[in-house]
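2 protein chains.
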Amino acid sequence: MKIGIYQFNPEWGQIEKNINNIESNLEKHRDVDLWVLPELCTTGYQFKSRQELKERAEEFPGSHTSDKMQKLSSRLNTAIILGVAEKSGSNLYNSAAVYGNGNFKGNYRKIHLFDQEKKCFDSGQQSPGIFDLLGVQVGVMICFDWIFPETARSLALQGAQLIAHPANLVLPYCQDAMVTRSIENKVFTATANRFGTENRTGQKLTFTGKSQVTDIDGSRLGQLSQNKEQILKVDIDPARASQKSINDNNDLFQDRRTNLYTLDK
Amino acid sequence: MKIGIYQFNPEWGQIEKNINNIESNLEKHRDVDLWVLPELCTTGYQFKSRQELKERAEEFPGSHTSDKMQKLSSRLNTAIILGVAEKSGSNLYNSAAVYGNGNFKGNYRKIHLFDQEKKCFDSGQQSPGIFDLLGVQVGVMICFDWIFPETARSLALQGAQLIAHPANLVLPYCQDAMVTRSIENKVFTATANRFGTENRTGQKLTFTGKSQVTDIDGSRLGQLSQNKEQILKVDIDPARASQKSINDNNDLFQDRRTNLYTLDK
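One line per chain: the protein sequences are Y and G, in this order.
So in the working numbering the end of the first sequence lands on 265, straight run, no missing numbers.
So in the working numbering the end of the second sequence lands on 530, straight run, no missing numbers.
Be aware that a few hints might be false.
Counterexamples of contact, computed for chain G against chain Y with all Cβ distances above 10 Å [said to hold, decoys possible]: (1) His329; (2) Ile448; (3) Arg465; (4) Thr527.
Now the stretches of chain Y that chain G is said to cover, found in silico as 3 or more residues with beta-carbon under 8 Å [what the hints assert, rightly or not]: (5) 27-37; (6) 61-74; (7) 122-134; (8) 238-249; (9) 254-263.
Examples of chain Y residues lying across from chain G (beta carbon under 10 Å, computed) [to be verified]: (10) Phe114; (11) Glu117; (12) Trp146; (13) Ile147; (14) Pro149; (15) Thr151; (16) Ile183; (17) Glu184; (18) Ser225.
It should be emphasised that the hints constitute simulated quantities derived from the structure, not laboratory data.
Heads up, the beta-carbon is just placed ideally off N, CA and C, and yes, glycines get one too.
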């Protein structure tokens, strides 16, 4: 499976322009099986108010952006996972929309909102889920979900071979932490981060780029720069993530001592 | 609180020599409040058989080694956490014995045994626990426990401000992963690793040294070399680990979505 990450600098509020940008760049790489794009990559990141967000959020499926991505996925015969602002009834979610070869496959709604996001977005109310894309079990989490080891762990225990991770990272820790997420769960990870800055709310944010794909032993199979528009393409064999033994005597999942952990506090 | 780590190369089977070595080195540093020493640092690491281990394991408390460490802890007015081979009835554990200012405080028995350890040791049957040392809440885990995020998480959720981590590391991943353990739990960690090699069982092991102390944001407060006998002393303020907020809107513990995790599989 060839994973593609498109790291770019979305223009705030310019949904059509960002979509066109995504389309033209992805279309140049017909060999990619699964694209991972950054968090909120059609709208931009900072919203001054819930109202401002509400005016730009869309339904997935059923909206202009969703239709465009579904068709792009069909045209390229590829899977696409991208971060979007989702409207569902009166709720507004920081979501990842998932398309597989022309079909809308579902959304993951971010369950751990970061900082000011709590003022505009609703938290997802469903467990992080697994999507079957080309026969590969792909778990999806978004940005700040990384800091909670339970997110990647939940996905891996449900069978994720690859964790697709749209992000708008501003803290410097995540890229290295995702190495640990790979090692402890023996999964591939693909973090699609944006670069650039936003300063719409008085809080200047600089996004850290360095999108990456990690192998099941945590080694980096590729990493992009901190502040350039770039595409990363990496071949992985997802089946390598299916068995969790690391030597003749240890299996990372069978060795868990679930009755001795105290995780409910 | 001043943490001391004594990184050394224990001589296999030479318990008395290793104890004398520990005593003479710790006695040079009277300013240390809490010492962390490597895993199995009185006996050495590789046992050819359970019988060979049984002949060298001791009771904690109540054995020669335990008495020596208890007295050392009293003489130096310090806490000491060290890895030992523990005999308890017919069971044999890879344990950390904990002493506080002349008192035996308890053992932690490793719950995730690594590779060949499974052939000689019994797994601990109790949850990783917290020890009150000088008013500081110290969680203890041993070596391979690091790869299971549930271990450090369980300790932190029970109130650990510092995770003391005796180790005999042979894989290259742990020291970086402990940075992630600090960040995700907002705790201090002190990994006391050994260096040197052992080749008693036909499987040559090279221990990776690089003992370290990490701050609550994952930054390294100090790290030793890969293959030298060294002492690391670091001052920490354990109270900084007690509150888990990282900005005005996020608290790493309150933000956990425990009802959405699937960790029982």
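For each hint, the structure was consulted:
Against the 10 Å criterion, histidine 329 of chain G stays outside the reach of chain Y, whose nearest CB is about 30 Å from its own CB. Not every CB of chain Y lies more than 10 Å from the CB of isoleucine 448 of chain G, the least distance being 5 Å, so the non-interface label is violated. The non-interface label for arginine 465 of chain G is consistent with chain Y: the shortest C-beta to C-beta separation is roughly 17 Å, beyond 10 Å. A Cβ of chain Y approaches the Cβ of threonine 527 of chain G within 10 Å, the least distance being about 5 Å, so the stated non-interface status is violated.
Remark: the region 27-37 of chain Y is not confirmed as covered by chain G, as 0 of its residues place a Cβ nearer than 8 Å to a Cβ of that chain, below the required three. Proximity of the region 61-74 of chain Y to chain G, defined as three or more residues with a beta carbon under 8 Å from a beta carbon of that chain, is not established by the 0 residues found. Using a Cβ-Cβ cut-off of 8 Å, 6 residues of the region 122-134 of chain Y lie near chain G, which meets the minimum of three, so the contact claim holds. Check result for the region 238-249 of chain Y against chain G: holds, 3 residues qualifying (beta carbon to beta carbon below 8 Å, three or more required).
Judged by the Cβ-Cβ criterion of 8 Å, the region 254-263 of chain Y is covered by chain G as claimed, because 8 of its residues qualify and three suffice. Using the Cβ-Cβ criterion of 10 Å, the hint placing phenylalanine 114 of chain Y at the interface with chain G is satisfied: the shortest such distance is roughly 6 Å. Restraint check, glutamate 117 of chain Y versus chain G: the minimum CB separation of about 8 Å is within 10 Å; hint holds. Hint status for tryptophan 146 of chain Y: holds, given a least beta-carbon distance of 9 Å to chain G, under 10 Å.
With its C-beta approaching chain G no nearer than about 6 Å, isoleucine 147 of chain Y sits inside the 10 Å limit, and its interface hint holds. For proline 149 of chain Y, the interface hint holds, since its Cβ comes within 10 Å of a Cβ in chain G; the closest pair sits about 4 Å apart. The beta carbon of threonine 151 of chain Y comes within 8 Å of a beta carbon in chain G, closer than 10 Å, and the hint placing it at the interface holds. Taking 10 Å as the C-beta contact cut-off toward chain G, the hint placing isoleucine 183 of chain Y at the interface holds, the least distance being around 5 Å.
Evaluation of the glutamate 184 of chain Y hint against chain G yields a held restraint, the C-beta minimum of about 5 Å falling below 10 Å. Residue-level restraint check for serine 225 of chain Y is violated (minimum Cβ-Cβ distance to chain G is 22 Å; threshold 10 Å).
Violated hints for the displayed structure, listed by number in ascending order: 2, 4, 5, 6 and 18.
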